[in-house]
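> Assemble chain B onto chain A, guided by the hints.
Heads up: the protein sequence lines correspond to chains A and B, in order. Residues in the first sequence are numbered from 1 upward in steps of one, following this note's numbering. Residues in the second sequence are numbered from 1 upward in steps of one, following this note's numbering.
Careful: at least some of the hints might be erroneous.
[Unchecked claim] One-sided excerpt, in silico: chain B residues whose CB lies under 7 Å from chain A:
#, residue
1, S8
2, P232
3, T234
4, V238
5, A240
6, A306
7, V309
8, L332
9, D334
[What the hints assert, rightly or not] The calculated SDA-like cross-link candidates involving lysine to any residue, where the alpha carbons are at most 20 Å apart (straight line), are:
#, chain 1, residue 1, chain 2, residue 2
10, B, K31, B, G79
11, B, K303, A, D62
12, A, K70, B, K303
13, A, K70, B, K31
It is worth saying that the hints were derived from the structure and are not from the lab. Bear in mind the structure is a predicted one, so any value in this text is a computation, not a measurement. C-beta atoms are modelled at their ideal positions from N, C-alpha and C, and glycine is treated no differently.
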Amino acid sequence: MTRIAPDRAALQEAVLAVLRRTAPEVSAASLDPLRPLRDQVDLDSIDWLNFLVALHERLRVDVPESDYGKLRTLDDVVGYLAEKGAAAA
Amino acid sequence: MIEFKLPSLGAEMDEGTLLEWRVGPGDVVHKGDVVAVVDTSKSAIDVEIWQDGTIDALRTGLNEKVPVGTVLAWLREPGETPEHVEAERRRLAASAAAAPSAAAPVPGVASGAPPAPAKAPADVSSNDAVAARSAAGERRHVSPAARVRAEALGVDLARVPGTGPDAAVTVEDVERVAAARRSPADRALAMRAAIGAAMARSKRDIPHYYLATDTVLARAIDWLTARNAARPVTGRVVMAAVLLKAVAIALRSFPDLNGYYRDGAFVAGAGIHLGVAISLRQGGLIAPAIRDTDTLTLDELMKRLADLVARARALTLKSSEMSDATVTVTNLGDQGVDLVEGVIYPPQVALVGFGRVRQRPWLDGQTIVPAPVVTVTLSADHRASDGHRGGLFLNHLDALLQDPARLDEATR
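With the rest of the complex left out, here is chain A (with noise of 0.2 Å):
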């Protein structure tokens, strides 16, 4: 398993906290970070949506609608949210 800094572990543990409020079936364990989240998880385009309101609301980062398609993983999310310099509270 890949080695991720600290204050990356922390950030995909609050993401997928946010993710398990739409899914609540879903794990650390059991999500592979590297692969489409929606292959992973079953998500709609509410729940999707209600995903980025729950990370707005946690993380302060609004994600633009034309921004959507770079979100693939979970690596995906975390990379972008630690760019536009949110941290895990």
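For chain B alone, kept in the frame of chain A given last:
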């Protein structure tokens, strides 16, 4: 005095178990207030009352399983004199004693279940009434043992009516509520059975016809993208909401597709209340209604949709949402299917289906261009409409989706 009866809770719900009273004798209620929580095989439903008045007496007790149409409570109407109330009480008690067999069947609900056993016409015990008033929000004592037990069993104390002294909540009260609760596995099985029964009945009773049409969504997508780009994530609208709005507006011109088929005749719905088919994470399907969908702005509709999806998944829906849908829309686009030939929810007469939006070669004049296309389907009851009408409806829907800005403005 009015008899407040258990309303229909959806096509496949013929009975429910009274889990909780939110009001007690003497409480003033208003249209739309949630007065009780009833458990069906699918979920706990908040039952709303549709009249103003004062609760005179509770007629169904906690944990009683009763058919739809059973008298739950007696309601005094505003302005009734005490003498009138007394006379009414005697009349209602007498009629309850005289006809103790199954409550009047609700039209459109074919009851396959045997009638409920005769109930004694007495008022619900004063204990339950006192417990109800306490559950309605006054502070009440919860014994330490009850608190510990509630924690261990995962019971929400706010939902436990107390039967101890001064309506205190006891360990037995907590255990009773826990026992009445269904396990997720039970609920899943019960839900499967309910869906199966409704769908079997639909296929047996409703002569379905099916129509499909491909609609180009380029204009709608471009318009929505531009609209969403100007908004933060909290203000964005999904395409599913746009499609719902379009269906609602289209139905204004096709009242023969919006309503119920009952007792050999079609009855047009009083409003356009779209049922939204929502899949549940634990398996199963529920299709609660958004009332007066055609009168909502797109932003209002989006909020209602998101809220409905959240509550449907948490299984905290209201009785009006379960029974009011006049047409159902099923959108399986996110699941990746091209089209859905859906099964109508009785007693409705139509179901509109959307598949996924996919890029297809399309002819623009003599040129082939890529276009985002969605296949829209209509399943309809041949007793209420013919293919010609169905076809006109789908064409009208297509036309509406070519002018999304106007769709946003149409509310009245």
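> Evaluate each hint against the coordinates.
Hints and how they fare:
1. S8: violated, 27 Å
2. P232: holds, 5 Å
3. T234: holds, 6 Å
4. V238: Hint on V238(B): holds, closest Cβ of chain A at ~5 Å, below 7 Å.
5. A240: holds, 6 Å
6. A306: holds, 6 Å
7. V309: Hint holds; V309(B) Cβ to chain A Cβ min 5 Å, cut 7 Å.
8. L332: violated, 9 Å
9. D334: holds, 4 Å
10. K31(B) <-> G79(B): holds, 16 Å
11. K303(B) <-> D62(A): holds, 18 Å
12. K70(A) <-> K303(B): violated, 26 Å
13. K70(A) <-> K31(B): The given pair, whose Cα atoms are some 48 Å apart, is violated under the 20 Å limit.
The structure is inconsistent with the numbered hints 1, 8, 12, 13, although it conforms to all the rest.
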